[in-house]
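*Asks:* Starting from the known structure of chain R, arrange chain X on it as the hints suggest.
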Amino acid sequence: MAGPGIAWYLGISAFLFGTGALGVLVRRNPIIVLLSLEIMLNGGNLALIAVARHAGNGAGQIFALAVMAVAASEVCVGLGLVVAIHRKRLALDVDKLSELRG
Amino acid sequence: MILASAGNVLVWIVWLGAGFACLASGVGVVSFRNPFYSALALIGNLGSLAVLYLLLSAEFVAAAQVLVYAGAVMVMFLFVIAYVGPRMEAPWAGGPSWQSVGAVLAAGSIFLEIIVAVSLKAGGRLAHSDHVNGTFGTPGWIGRLFLTDHLLAFEITSIVLLIAAVGGVILGSHTRRAA
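If you read the protein sequences in the order shown, they are chains R and X. All residue numbers for the first sequence refer to the working numbering, where the first residue is 16 and numbers rise by one. All residue numbers for the second sequence refer to the working numbering, where the first residue is 148 and numbers rise by one.
Keep in mind that the hints were calculated from the coordinates and are not lab data. Idealized CB from N, CA, C, for every residue including glycine. One thing to keep in mind: the hints can contain errors.
From chain R, some residues computed to sit far from chain X (all C-beta separations above 10 Å) [to be verified]:
1. 49
2. 69
3. 111
4. 114
What follows is a set of in silico ranges between Cβ atoms, one per label pair, in the way DEER data are often shown [claimed, not checked]:
5. R:113 to X:271: 42 to 48 Å
6. X:222 to R:74: 27 to 33 Å
7. R:114 to X:246: 17 to 23 Å
8. X:281 to R:111: 28 to 34 Å
9. X:181 to R:72: 48 to 54 Å
10. X:251 to R:22: 22 to 28 Å
11. R:74 to X:219: 31 to 37 Å
12. X:285 to R:22: 24 to 30 Å
13. X:229 to R:74: 23 to 29 Å
14. X:277 to R:108: 44 to 50 Å
15. R:72 to X:307: 50 to 56 Å
Next up, chain X with everything else stripped away, as it sits in the complex:
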C-alpha cells in the first residue's frame, strides 16, 4: 500500500514536470522572435508530450513521436530555417493592433469553448478510467490493430505520405521555363 502511494506521488511529480514543460514550451514557440528558438522550443514541447504519452500507457506512440517529430520533422524545419535565413519578427511590437487583439480573443474563446464542451458532455464520466491490461499500447498490439481492424486507415495513410513526398519533390525541383 505504501509502495503504491509512493508510485502515485512519483507519477504526479512526473506529470507536473512534463505538463509544465509542455505548456511553457508551447507558449515559447508562439512568442520567440527568432524562428530558431521557436523550433528548439517545439522540440522540447514534443519531448514532454512523449512523456505524457508514456504516462497514458501509449509506449509505441511516444516512441513514434520522438522518432518522427523530434527526429525527422524538426531536422527538416531547422534545415529550411537555415536555408531561408532566420528572419526576426516581433509579434507583439508596436502596441496592440486590432489583429493581435482579435487573435487573442479568438484563441481564448476556442480554449474556453473546448473546456466547456468537454466538461458539459463528459465531465461526470472522466473520473474513473477503465483498467487496461499490460499489452495496451505496446508495438505488437498496435501492429495487430493496424493490420486487422484498421487496415484501410493504414493503407490510406501510406498513400497520403506518397502523395506528399511527390508534391514536395515537385515544389522543390528547379523548373527552368523557356523565357
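This is chain R alone, in the form it adopts within the complex:
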C-alpha cells in the first residue's frame, strides 16, 4: 500500500472523535452540537474504512455506509427538534433546555 500506513489514518480519526466530543461538551447551541456529532461519526467512519482497507474485507465499508444513513436520520430528527423548539419561542440553548415539559 503506497503512502502512509493505517496507524496514521487511525490517529486522524481519534483526533476527529476527540474534537467532536469537545464540541458536544462545550457548545451550547444545539445546531453546533449536531455538527460536532457529525464530526464524531465521521471519525468513526474513517477508522472503519481504514481497518477495512487494512484487512482487505468489505464489511467495514458496508458498516460505514450504514453509519452514514443513521447520521442522516439523526440530523433529520435533530433539526426537526430545533425547528420545533424555535417555533415554541424557547431559547436555543442546551443548558436551558433541561426539562422535557413544554
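*Replies:* Frame of chain R, contents of chain X only:
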C-alpha cells in the same frame, strides 16, 4: 521503480494536505462563533475526508460521502441555520469555567484512550496491510456485498431512514390544538 516511488511521494503529499485540512476544519467547526462558519467548515471537513477515503480505495463511500453529507445533509443544516437565524455564541468567552475545563479534560482523555487502546491491541499488526485487488471499493462490489452478505443490514437501514423521515414530518408539522 522510480515511477513507483514518485507515486508514493504523491500519495504522501495528498495525504498530508487532506489530513491537515480535515483536522483544521474539525477544530474550526468547534471553535467558530457563527454557526454558518461552523457549517461551512464541516463541508470542508467532509470533502477532505472523502479524499482520505479515496486514498483508502473506498471509491463508492467517498462518492456517497460527498452526495449524502456535503449535498443533502449540509443543505438541510444551512437551511435550518438560516431559518432560526445565526445566533452568535462565544464558546471560550468569560474565562475558563469549570464546564469548559472539564470538557477539555474529558475530550483529551478520550483521544489518549483511543490512541493507547489501539496501539496496545493492534500496534504491531498495523504495519503491513493486505494487498487488495482492483474491484475493492467499487460500486458494483459494494452492491453485490449489500445484496448478498449484508442484506439484513441494508433492509434495516432503509427502515431506519423511513422512521426518521416520518418523525421529521411529525416534528415539523403544524399541530393546531384546541385552546
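*Asks:* State for each hint whether it applies.
*Replies:* How the hints compare with the structure:
no.: 1; hint: 49; in the structure: violated (8 Å)
no.: 2; hint: 69; in the structure: violated (5 Å)
no.: 3; hint: 111; in the structure: holds (13 Å)
no.: 4; hint: 114; in the structure: holds (18 Å)
no.: 5; hint: R:113 to X:271: 42 to 48 Å; in the structure: holds (47 Å)
no.: 6; hint: X:222 to R:74: 27 to 33 Å; in the structure: holds (31 Å)
no.: 7; hint: R:114 to X:246: 17 to 23 Å; in the structure: holds (19 Å)
no.: 8; hint: X:281 to R:111: 28 to 34 Å; in the structure: violated (55 Å)
no.: 9; hint: X:181 to R:72: 48 to 54 Å; in the structure: violated (42 Å)
no.: 10; hint: X:251 to R:22: 22 to 28 Å; in the structure: holds (25 Å)
no.: 11; hint: R:74 to X:219: 31 to 37 Å; in the structure: violated (25 Å)
no.: 12; hint: X:285 to R:22: 24 to 30 Å; in the structure: holds (26 Å)
no.: 13; hint: X:229 to R:74: 23 to 29 Å; in the structure: violated (39 Å)
no.: 14; hint: X:277 to R:108: 44 to 50 Å; in the structure: holds (49 Å)
no.: 15; hint: R:72 to X:307: 50 to 56 Å; in the structure: violated (24 Å)
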